[in-house]
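In order, the protein sequence lines correspond to chains A and E.
Under my numbering, residue 641 is the last one in the first sequence; the count climbs by one each step, no gaps.
Under my numbering, residue 241 is the last one in the second sequence; the count climbs by one each step, no gaps.
Source of the hints: derived by calculation from the structure; they are not laboratory data.
Note that the structure is predicted; figures quoted are calculated from it, not measured.
Wrong hints could be hidden among the right ones.
Some but not every residue of chain E turned toward chain A, in silico, with C-beta under 8 angstroms [as the list claims (entries may be wrong)]:
(1) Glu175
(2) Glu221
(3) Leu225
As a list, the in silico PhoX-like pairs of lysine-lysine whose alpha-carbon atoms are at most 20 angstroms apart [stated by the list, open to error]:
(4) E:Lys158 / A:Lys573
(5) A:Lys637 / E:Lys216
(6) A:Lys590 / E:Lys119
(7) E:Lys158 / A:Lys633
(8) A:Lys634 / E:Lys216
(9) A:Lys637 / E:Lys119
(10) A:Lys319 / A:Lys281
(11) A:Lys632 / E:Lys158
(12) A:Lys630 / E:Lys158
(13) A:Lys357 / A:Lys343
(14) A:Lys608 / E:Lys110
(15) A:Lys327 / A:Lys409
Just so you have them, the derived chain E footprint on chain A, three or more residues with Cβ under 8 angstroms [unchecked claim]:
(16) 585 to 591
(17) 599 to 607
Glycine included, C-beta positions come from ideal geometry on N, C-alpha and C.
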Amino acid sequence: MISIKKNIIIISSLVFLIGLILIFADRNTFSTSKDTDACLSCHEDKDLTMDKGGKKISLFVNPEHYKGSVHAGAECVDCHLNYNPDEIPHSKNKELADCNTCHDNLKGIEKSVHKKVNCYDCHSKHDIKSAKIIREDQTKNCLNCHKNLNIRKFSSSIHAKKDVGCEDCHKGGHQTEKISKDEVNNVCGKCHNNNKMAFKNSIHHTVMKGGNKNSPVCTDCHGSHEILSSKISIESEGCLNCHLNEKLFPGEEKGSAKFVAQYKTSIHGLLKKGDNEAAGCVDCHGDHMIQSPDNPASSTAKARLLETCGKCHGEIVEKFKKSKHGTEYLKNSDKAPSCVTCHGEHDIKSTLLSDEFSKVNIVEKCLKCHEDGTIPHKSYQGEEELISGYRNSVHYEALKKGNLNAPTCSECHGAHEMENADNPESKISKKNVALTCGQSSCHQDQKKDYLESVHQKGVSENNKDAPTCNDCHGNHSILTKKSDDKLAKSKSLIKLCSNCHSSVELVERNDLPTKVGETYNESFHGLATRGGSAEVANCESCHGNHSIKPSSDTSSTINKKNLPKTCGKCHEGAAEVLFTSKIHINDVQQDSPWVFFVTKFYLIMIFGLIGFMVLHNVLDWKKKKKLSKANED
Amino acid sequence: MKTEDKYLRMSANERVQHFLLLSSFIVLVITGFALKFPESFWVKGIAAIIGQNTFEARGIVHRVASVVLVIVSVYHVFYLLFTARGRQLLKDFLPKKQDITDFIQSMKYLFGKSETKPLFGRFSYIEKMEYWAVVWGTFIMGVTGVILWFENFFLKYVTNTGMDISAAIHYYEAILASLAIVVWHFYFIFLNPDVYPMNKAWIKGYLTKEEMEKEHPLELTELEIKENKNISEKNINES
Chain A
9 MISIKKNIII
19 ISSLVFLIGL
29 ILIFADRNTF
39 STSKDTDACL
49 SCHEDKDLTM
59 DKGGKKISLF
69 VNPEHYKGSV
79 HAGAECVDCH
89 LNYNPDEIPH
99 SKNKELADCN
109 TCHDNLKGIE
119 KSVHKKVNCY
129 DCHSKHDIKS
139 AKIIREDQTK
149 NCLNCHKNLN
159 IRKFSSSIHA
169 KKDVGCEDCH
179 KGGHQTEKIS
189 KDEVNNVCGK
199 CHNNNKMAFK
209 NSIHHTVMKG
219 GNKNSPVCTD
229 CHGSHEILSS
239 KISIESEGCL
249 NCHLNEKLFP
259 GEEKGSAKFV
269 AQYKTSIHGL
279 LKKGDNEAAG
289 CVDCHGDHMI
299 QSPDNPASST
309 AKARLLETCG
319 KCHGEIVEKF
329 KKSKHGTEYL
339 KNSDKAPSCV
349 TCHGEHDIKS
359 TLLSDEFSKV
369 NIVEKCLKCH
379 EDGTIPHKSY
389 QGEEELISGY
399 RNSVHYEALK
409 KGNLNAPTCS
419 ECHGAHEMEN
429 ADNPESKISK
439 KNVALTCGQS
449 SCHQDQKKDY
459 LESVHQKGVS
469 ENNKDAPTCN
479 DCHGNHSILT
489 KKSDDKLAKS
499 KSLIKLCSNC
509 HSSVELVERN
519 DLPTKVGETY
529 NESFHGLATR
539 GGSAEVANCE
549 SCHGNHSIKP
559 SSDTSSTINK
569 KNLPKTCGKC
579 HEGAAEVLFT
589 SKIHINDVQQ
599 DSPWVFFVTK
609 FYLIMIFGLI
619 GFMVLHNVLD
629 WKKKKKLSKA
639 NED
Chain E
3 MKTEDKYLRM
13 SANERVQHFL
23 LLSSFIVLVI
33 TGFALKFPES
43 FWVKGIAAII
53 GQNTFEARGI
63 VHRVASVVLV
73 IVSVYHVFYL
83 LFTARGRQLL
93 KDFLPKKQDI
103 TDFIQSMKYL
113 FGKSETKPLF
123 GRFSYIEKME
133 YWAVVWGTFI
143 MGVTGVILWF
153 ENFFLKYVTN
163 TGMDISAAIH
173 YYEAILASLA
183 IVVWHFYFIF
193 LNPDVYPMNK
203 AWIKGYLTKE
213 EMEKEHPLEL
223 TELEIKENKN
233 ISEKNINES
C-alpha cells in the first residue's frame, strides 16, 4: 500500500511538471531559434525532395508538428550532427541522429527486443511524441511495425475491446519483451489469476512440471493475439490439436488419440449449437483445472459424472438418480452403471438415430451386465430366471423379425428411470405390471380382461399370493403361446396353475377351493391330459385365462348359469344340461353322495368278495394238494 | 378207446364266443386301466412303442373291443334262447337250491368241518358265480360305458352327476371284474391242482374222464347212465 501511494505521488508530480513545461511552451518561452527557422525556410516546402538510389525522398518537415513536439526547444542540428546548411547535400557522411546523446538513461532498453529498433520508429522523427502520448495509443504504434496476421488480429480481440494493450503483456515502452512459453502462464495470470491458479492444479500443469514439453500453456488453447472471448471459439479444435495427434497419444487405450477421435463422430461433436459443438471438450472435462479421469476429483471421474452430464441433461440425471441404477450408483457400488456405461465416453451417439440404441441392440447393452446370474434376478415358478432369458422370449423373436411394437428392456423397465419390481413406483411393480404390459399398442385386450379378474382383485388388495402377468407368463423369457406341442403346453399350463392352487399353504391362506389340482388330475380331463391327449380340457378351457373369476360371479365362465355354454364349447350336448353337482368334487360325501355311495359299495364288494374268493381258493388248493398227496401215498 | 375218454365241454360255437369274450375283455382291461393309470410303467412302455397318438389309439381300441364284447353278448343271448344247446346251457346255469346246499357243504369241507366233498354237476356254484358275474359285469360296464361314450347325448338325461356316477361305477366294476377273473376264474382254470397247468377245454372243447371225475362227477355219472342206457337200448335193439 505504501509503495502504491509513493507511485501515485511521483506520477502526479511528474504530470504537474510536464503541465508546467507545456504552459511555458504555450507562452513561447521556448521559441525556435533562428537556425531552426533557417532550416524550416526551405524544409517547410512540401515539394522539397531528393533523389536517393533513384527514389524520391521527401525532405518536408511540417513546422507546426515540429513546433508542437517535445523537441520544439531543440535545434535541428542538435540531432542532425555535422550538417552544414550552406552545402547541399548538407552532410557528406550522413549520420543518423543519436538520441542517446540526450536520452542516455533509458531503463531496460538493453534487454528489450527493441534494443536495435530506431527510436523514431516509435517516437517518429520531427513530431516527436512524448512517452505519455505514445502510451495513450501504444498498441496502434506497435501495429505500425508488427503487421503479421496473428498480431494484426489483435485489434479485433477481446483484449483490444477491453483496452488491454500490447504493453500489458509485453511490458511496452523501452522494456518491451518477448514472452517465453515458461512465462506465458504468469503473464496471463497477472489479470487472470483465478484461472492461473486453477491451471496449476490441472493435469496439464502436472505434466508440464514433469518435463513434458508438449504440455499446453494458455496460448496453446486460447491463441495469443487473436483471443476473441474467454470461451474458446473452436474450443474442441483447441484441445484436439494435440489430442488427435497419434504421435503424442499413441495406442488405442483410453486417452489415446484414437480414443479421443471418436468424439468427432459423436452426437456431442456433430450437433452444433451456434458455431460451437453441442458439447465441447471443456463442457465435460472442465477448462483450466482439467484432470485425468482417474483422479476422483475430475469432472469425468465416475463419482462426478452425474454432476457433469447433468449440467446439460439435468432432467434425465434426476430420473437416473431415482432409478435402481442410480441408487446403487449413489451408494458407490462398483457394479452400478453411470452415464458412460451405456452411452460410452467420446463416442456418445444419439439414442434416437444410432444403431447401438435400436430396440434390438439395446438388449446387448443391458445384457452386457445382466447376462449371468451375478446381478439379482427374478424367480419364476420357483426357479431362478436369468435376465438373459429374454433372448428366448417371444418379445425378442418378434423384435428380431422387425416388429417394432415388441418391447425391449426399456419398454418395461424404463431407460434412465430403470427400476426393478421391488419399487412400488416402478413400471413393473406388481400393481403396475398389468398396466405396463397392457400399454397402448401392446396387450390391451388382455389387460382389460385381467383387470376384471379375481387375480387382479387380489393384487389390488396387496395380496402377495395373487398373480399378475409375469407370475404366469414369466419375466424375461416369456415364451410364445403358439407352441407346436399342444400337449406340452397343456401340461405346463396345468403345472402353472397348480403351483398356487395345489399349494396347501397358499390355498389355506387365501381360503381358496381345495384339491382342485387333484380332482382335475383324477377326472377324465386330467387323466386324458396325463395320458397324452392334447385336445382335452385343461384349466384354461373352462376357467378362461386373463379374466378368471370365481364361480360366484355371474359373469364367470364357471358360474352355474354359464356352465352349459362353457362345457358346450367341447360337449355340444352340455348346452341344455342342468348342472346338478360340483365339477371339482373335493369332498365326495358332501358334493356327490351318489358317487360316495357307489364308491363305498364297490370297496366293500371288492374287499369282501375278492377276499372271500382268495380264501376259498387257498383252502381249495390246500385240500386238493393234500388229497393228491394222500392218493400218491 | 381213447376217444371214448373225451367229454364235450364247449362246442366250437361256444369256444368262439368264449375266445371273443376273453380277447375283448383283456383288451378292455388293458386299454381301460391305461386311462386310469397313465404314469404306470406298463402304460409308458406301451406308449413308447405306439408313440405320439397312444392316447387316441387307446380310446379307439377300447371302443372297438367294447363293440366286440357287446356283439358277442347279444349273440350269446340269442344263442341261449334260439339253440337247443343254448337253452340247455341256460338251464344248467340257472341257480338252484342245490347250489346253496353245495356251497354250504363246500364251506364245511374246506374249513375242515366235514370230510365229504360235495359232488358237482355240469356247473358248480363256482362256475355259476363266475357266469352270472360276467353277465352282470358286462351289463353294468356296457350301460355305464355307453353313457360315458355318448356323453353329449346322455348329459341331458343323467346330468353331470350321472356322468360322475357312471365313471365311478365303470372304474370300480372294472377293478372288481378284473380281480374276479384273476382270483376266481384263473385259479380254477390254471392253478387248480386238478387241472394244473391248464384246463384246456376252452381250446380243445373236451375234458378227459379223469378231469370229469374230479370236477363234474355228477355230470359224468349222468352221462355214463345215459350212455349205458343207450348201449343197453342198442343191445336190446340189436338182439
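Holds or violated: Lys158 of chain E to Lys633 of chain A, with C-alpha atoms at most 20 angstroms apart: Since the Cα atoms of Lys158 of chain E and Lys633 of chain A sit roughly 57 angstroms apart, the hinted pair is violated (cutoff 20 angstroms).
Under the criterion that the straight-line Cα-Cα distance not exceed 20 angstroms, is the pair Lys357 of chain A, Lys343 of chain A satisfied? The given pair, whose Cα atoms are some 23 angstroms apart, is violated under the 20 angstroms limit.
Lys637 of chain A and Lys216 of chain E were given as a pair; does the straight-line alpha-carbon distance stay at or below 20 angstroms? 15 angstroms, holds
Against the 20 angstroms threshold, does the CA-CA distance of Lys632 of chain A and Lys158 of chain E hold or violate the hint? Given that 20 angstroms is the threshold and the Cα spacing comes to 55 angstroms, the pair is violated.
Lys319 of chain A and Lys281 of chain A: Cα distance at most 20 angstroms? 15 angstroms, holds
Verify this for me: three or more residues of the region 599 to 607 of chain A with a beta carbon less than 8 angstroms from a beta carbon of chain E. That given contact holds, which follows from 5 residues of the region 599 to 607 of chain A lying within Cβ reach (below 8 angstroms) of chain E.
So is the region 585 to 591 of chain A in contact with chain E by the C-beta rule, three or more residues under 8 angstroms, or is the coverage claim wrong? holds (count 6)
Satisfaction of hint between Lys409 of chain A and Lys327 of chain A, Cα-Cα up to 20 angstroms: 32 angstroms, violated
Taking only the CA atoms, is the gap from Lys590 of chain A to Lys119 of chain E under or equal to 20 angstroms? 54 angstroms, violated
Hint consistency between Lys634 of chain A and Lys216 of chain E [alpha-carbon to alpha-carbon, up to 20 angstroms]: Given that 20 angstroms is the threshold and the Cα spacing comes to 14 angstroms, the pair holds.
Is the hint on Glu175 of chain E kept, meaning its closest Cβ partner in chain A is under 8 angstroms away? 7 angstroms, holds
Within 20 angstroms, alpha carbon to alpha carbon, are Lys608 of chain A and Lys110 of chain E? Violated - the C-alpha atoms of Lys110 of chain E and Lys608 of chain A are around 30 angstroms apart, more than 20 angstroms.
Taken one by one, the earlier hints fail for this structure at numbers 2, 3, 6, 7, 11, 12, 13, 14, 15, listed in ascending order.
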